[in-house]
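Participant: What follows is each chain in one-letter form.
There are 2 protein chains.
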Amino acid sequence: MSDRKLKRALGIDFGGTMVKLGLVDERGGVRATASFPTGETRGPESWLDRVAQCLPRLGLPASPAALKPEIAGIGIGVPGFTDFERGFIYELTNVPGWAAVPLADLAERRFGVRTFVDNDVNAMALGECTFGCGRLYHHAVFVTLGTGVGGGLLIHNKIYRGAHSMAGEIGHMSIDFDGLRSPQGVGGLELYVGNRAIAQRAADALRAGRSSLLRETAANDPERVTPREIAAAAAAGDALSLEIFDFVAVCLATAFASIVYLLQPQAIIIGGGVAQAGDILFDPLRRHLRDRLSPVFADRVEVRPAELGNDAGLIGCAALALSIG
Amino acid sequence: MSDRKLKRALGIDFGGTMVKLGLVDERGGVRATASFPTGETRGPESWLDRVAQCLPRLGLPASPAALKPEIAGIGIGVPGFTDFERGFIYELTNVPGWAAVPLADLAERRFGVRTFVDNDVNAMALGECTFGCGRLYHHAVFVTLGTGVGGGLLIHNKIYRGAHSMAGEIGHMSIDFDGLRSPQGVGGLELYVGNRAIAQRAADALRAGRSSLLRETAANDPERVTPREIAAAAAAGDALSLEIFDFVAVCLATAFASIVYLLQPQAIIIGGGVAQAGDILFDPLRRHLRDRLSPVFADRVEVRPAELGNDAGLIGCAALALSIG
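Chains A and B, in that order, are what the protein sequence lines are. Per my numbering, the first sequence starts with residue 1, numbered consecutively. Per my numbering, the second sequence starts with residue 1, numbered consecutively.
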């Protein structure tokens, strides 16, 4: 197949800080990108204006009639609750002015092409399952580890969204019936392994006088240590940092064991910033997961890092429209 | 449709103590039953002999040629790990002589009709989702509470069995990353809410001198109190018994909240002996589940008792063969 004939779609990764646009082909290749700061828009109409302004920078025509033959569709991943079937945004957690927005309809009216809207983690999961290591599996669970902990479920080769498009909230699964409280419940995984929780654990230990390589990293402000720095210190053999990642691994393994017993996926695929710690995270994670599963389950599930890097979001959004989801 | 023309299937509920057989029609009506003690058979061949002996008692012909036009097939639910696709039994937890048995093949050869083999909880879940209250939902989770805690998942109107037919092991989901240990892991739900755990909680309190209506029930042996008796005492206002069911409800709500965040089913349907406690269990369970979910999830999930009673297993097994699964 000649490269010029590959089907293409516009992926829009709608983040809390930046909106990234990418023209992506059906092999997952990113052909062109553009972006604008989320804060420079005020609600859906001005957001669509900025998207329209980006089209020429992606080599795309701005008029609906000319755009339609050029792309298979538009896929938009957003940071919040959506109804995928209707392309409807219930609410975006950190972006004001986006409650109850029928974004797919608005975009279709503006651009004249089929548009799909999903939450960003489902889009990433779809990208990873279409073009990344998830393409090897029919049943897999995709997890992002960062400020929050998100999830996407691949069941029978399709993203499973539950009864109301909100499934996959792995970050709120409980790992302790008598644990930390949040508005989402008790003992939610994210409260133990989210970026802030990891950093806080280091800060608490430093303030308590614990010796550690992190003391230098932190200079005089224990609050400044990041998960990335803790991973680096762990890689250099720092005992405190290794302990912190071991605790993160125990917490993740607890939730993952529950997921494996419930769904028996072929693989758990992990992306996001904290996953970049590599073996520092994956070694204890695999060990603790095995320790928390009966061998008949442990032998049949893989734990592996996501393959798509920085463009995972963009590629996933485009995948929504490449009619593979 | 005349009653005589209803499609029928043979359901076989293979329990650790008894094997129950039932001729079930496509409306879920049980037409005839028979049974034999599991312990009177020694492995697959003698088990199939006993099944054959039961056929006349169900009004069915014993010869394959005559049997084939009479029933749509045979469905067998077993207490252990199976590969549903192949109709293969990996192992039965409490029945010796049943490791690596291709039971569907053996039964098809013996009886000349299509045979399906699944684990007993999946069969019950299918029965409840076909003929019980689960027929109202496309996405539901079925849970049995008894000696063990089992589960079955309805996803897009089908029982979901995971990558290797072992999904739905809700009893091993962890509710405490630092909790009770078992060969299956750490903090498994069943260790807190299985029959034995519930009875033990009462026994411990009685031995510690706690006053309770249960003291009379127990006579001089605290170990003799059953979950059924604790439910009765709770219904009579006994403080200890109410506390025990509140604790059971907290533990169940923790696991159910995780399930709802992960899968967002429309309903959680609960069967099995402990579920017969009725409001004594369901009232605190619904309250704690709401307390452990964000309202957007809590408002969209129902918690309700199973509708099929004692015949749930039989009906579910037959449903396997009525080609609705």
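Think of the hints as simulated: they come from the structure by calculation, not from any bench. Cβ atoms here follow ideal geometry from the backbone N, Cα and C, with glycine treated the same way. Certain hints may be false.
Here are a few chain B residues that sit away from chain A, every Cβ distance over 12 Å (derived from the structure) [unchecked claim]:
(1) Ala66
(2) Gly168
(3) His172
(4) Asp176
(5) Arg181
(6) Leu242
(7) Ala275
(8) Asp291
(9) Gly309
Which bits of chain B does chain A cover? Going by a derived footprint, with three or more residues having C-beta under 8 Å, they are [claimed, not checked]:
(10) 47-55
(11) 260-271
Covered, in the sense of this in silico footprint (three residues per stretch, anywhere, with C-beta under 8 Å from a C-beta of chain A), are these stretches of chain B [what the hints assert, rightly or not]:
(12) 123-136
(13) 183-193
Participant: If a hint holds in the structure, say so; if it doesn't, say that too.
Facilitator: Quick rundown of the hints versus the structure:
1. Every CB of chain A lies more than 12 Å from the CB of Ala66 of chain B, the least distance being 39 Å, so the non-interface label holds.
2. Its beta-carbon lying about 7 Å from the closest one in chain A, Gly168 of chain B breaks the requirement of being farther than 12 Å from that chain.
3. Some Cβ of chain A comes within 12 Å of the Cβ of His172 of chain B; the nearest lies about 4 Å off, and the non-interface call is violated.
4. Taking the minimum C-beta to C-beta distance to chain A, about 6 Å, the non-interface status of Asp176 of chain B is violated against the 12 Å cut.
5. At roughly 10 Å, the least C-beta separation between Arg181 of chain B and chain A is not larger than 12 Å, which violates its mark as non-interface.
6. The beta carbon of Leu242 of chain B sits about 18 Å from the closest Cβ of chain A, which is more than 12 Å, so the claim that it is off the interface holds.
7. The claim that Ala275 of chain B lies off the interface holds: its Cβ sits roughly 19 Å from the closest Cβ of chain A, which is beyond the 12 Å cut-off.
8. The beta carbon of Asp291 of chain B is not kept farther than 12 Å from every beta carbon of chain A, the shortest such distance being approximately 8 Å.
9. With a least CB separation of 26 Å from chain A, Gly309 of chain B remains clear of the 12 Å interface cut-off, as annotated.
10. Closer than 8 Å: that is the beta-carbon criterion, and the region 47-55 of chain B has 0 residues meeting it against chain A, so the requirement of 3 is violated.
11. Evaluation of the coverage hint for the region 260-271 of chain B: fulfilled, as 6 residues show C-beta separations to chain A shorter than 8 Å, against a requirement of three.
12. For the region 123-136 of chain B, the assignment as covered by chain A is violated, since 0 residues bring a beta-carbon within under 8 Å of that chain's beta-carbons and 3 are needed.
13. Only when three residues or more bring their CB closer than 8 Å to a CB of chain A does the claim for the region 183-193 of chain B stand; here the count is 5, and the claim holds.
Checked against the numbered hints above, the structure breaks hints 2, 3, 4, 5, 8, 10 and 12 and satisfies the rest.
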